[in-house]
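With the hints as constraints, model all of the structure from the sequences given.
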Amino acid sequence: MEYLLLFVSASLVNNFILSRFLGICPFMGVSRTLDTAMGMSFAVAFVMTVSAAVTWVINAFVLVPFELVYLQTIVFILVIASLVQFVEMVIEKSSPELYAALGIFLPLITTNCAILGAVLINVQQDFGFIKMLVFTLGSSVGYGIALVLFAGLRERVAFSNVPTSFKGAPVAFVTAGILALAFMGFSGLVK
Amino acid sequence: MNIKNFTDGLIKNNAVFKQMLGLCPALAVTTTMLNGIAMGLATTAVLAGSNVVISALKSVIPNKVRIPAYIVVIATLVTMVDLLMNAYLHDLHKVLGLFIPLIVVNCIVLGRAESFASKNGIFASLLDGLGNGIGFTLGLAILAAVREILGSGTILGVSLSTPPIIVFILPPGAFLALGFLMAGYNRLFKGEI
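Heads up: the sequence lines are chains B and Y, in that order. Counting with the numbering used here, you get residues 286 to 476 for the letters of the first sequence. Counting with the numbering used here, you get residues 49 to 241 for the letters of the second sequence.
If you're looking for bench data, these hints aren't it; they were derived computationally from the structure. One or more of the hints may lead you astray.
Quick list of in silico lysine-lysine cross-link-like pairs, DSS-like style, CA-CA up to 30 Å [claimed, not checked]:
1. B:Lys378 <-> Y:Lys167
2. Y:Lys106 <-> B:Lys452
3. Y:Lys106 <-> Y:Lys142
4. B:Lys452 <-> Y:Lys112
5. B:Lys452 <-> Y:Lys142
6. B:Lys378 <-> Y:Lys112
7. Y:Lys142 <-> B:Lys416
Here are the computed distance ranges between Cβ atoms for each label pair [as the list claims (entries may be wrong)]:
8. Y:Leu82 <-> B:Leu319: 36 to 42 Å
9. B:Leu289 <-> Y:Ser209: 42 to 48 Å
10. Y:Leu105 <-> B:Gly470: 36 to 42 Å
11. Y:Ile214 <-> B:Glu377: 45 to 51 Å
12. B:Leu383 <-> Y:Gly145: 31 to 37 Å
13. Y:Val120 <-> B:Glu377: 22 to 28 Å
14. B:Leu474 <-> Y:Gly145: 22 to 28 Å
15. B:Ser379 <-> Y:Gly145: 37 to 43 Å
16. B:Glu377 <-> Y:Asn111: 19 to 25 Å
17. Y:Arg114 <-> B:Gly470: 43 to 49 Å
18. Y:Ala135 <-> B:Ser445: 48 to 54 Å
19. Y:Asn111 <-> B:Leu474: 49 to 55 Å
20. Y:Ile109 <-> B:Val375: 40 to 46 Å
21. B:Thr449 <-> Y:Ala135: 47 to 53 Å
By construction, the Cβ of each residue, glycine as well, lies at the ideal position given by its N, Cα and C atoms.
Structural data, given as structure tokens:
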């Protein structure tokens with residue numbers, strides 16, 4: 286039950302994009318069509334879960350025992366960067382179609398603050414290994430939900446008549462604001 | 049010539065409104081104007097520092113591993129700012145929280161390192177870093193001012209005795225305010241850019 290609550294809280298109530306403001310750049314960048322949004326959500330979910338697990342182990346068995354906690358930011362970002370590089374090489378070898386579809390977004394996951402954000406929140410909250418996994422999975426599912434919903438909205442907005450000054454990014458932000466308002470309906474679901 | 053490096057980043061290529069970089073902290077910490085300015089200045093310090101260091105090291109860093117090398121430089125500077133703020137501005141550090149270490153993945157910092165500092169001299173890179181950083185601070189300050197005035201009816205903590213519209217200090221208000229400000233920016237500078 287505790288894990289279920291944590292999952293709901295991470296995915297819906299404290300949604301990474303719409304209430305914590307993490308990972309906004311790809312949220313705006315890849316949400317023009319549903320396909321890229323889906324691909325991006327899966328790539329982020331994978332990198333986020335694996336890097337959270339790896340950094341948890343490094344933090345618990347290397348950084349804390351050797352009193353190197355102040356190196357957290359540097360170590361974590363290096364782990365994430367090398368993991369992204371590794372994932373890129375694996376996908377390129379195993380499925381060239383997916384690699385071509387994700388294109389530039391794959392290396393850019395390194396600078397997606399949702400990943401480093403999730404890793405840092407895990408450390409700050411002192412989660413155990415299972416709790417950490419549940420939280421990270423919940424967060425990445427929430428990230429995917431928000432990204433796919435928003436891409437669907439933007440596909441509609443693209444066909445509507447928008448005032449000149451609002452074309453492009455401004456109307457996307459207003460749309461995101463309304464989506465965030467809708468997500469506020471989840472607050473109070475979990476304490 | 050040199051002064052252009054500085055002024056370009058202020059308005060014409062403003063990080064928040066034009067380049068749309070570093071939006072996560074821009075949306076997250078702008079509930080009050082003080083927080084917005086503090087976040088902007090922390091980012092400016094990292095940006096100017098990393099531009100100078102990377103520009104000085106540009107002939108030493110091999111081209112193939114430049115991005116990881118840049119990230120290490122940036123992460124080092126961010127850790128320094130993080131520890132300094134924790135020591136001397138502890139209350140502010142607590143409010144900005146997660147977003148101080150997240151300066152590492154702020155696209156502006158890596159973006160300027162890759163597109164400017166890796167090709168230009170130290171002094172020009174310093175000016176470019178300062179200009180972009182102050183432009184970012186300006187963007188944050190404007191967004192934060194709008195949200196603080198509308199959302200809590202205060203400015204820099206001083207009460208304006210206007211009724212607060214709570215939604216503007218909540219997450220949806222951040223998106224709405226930024227959307228409308230961007231539209232205003234497009235309207236003002238259309239054709240000049």
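Exercise. Honestly, which of those hints from before does the structure not fit?
Worked result: The structure conflicts with hints 1, 2, 3, 4, 5, 10, 20, although it agrees with all the remaining ones.
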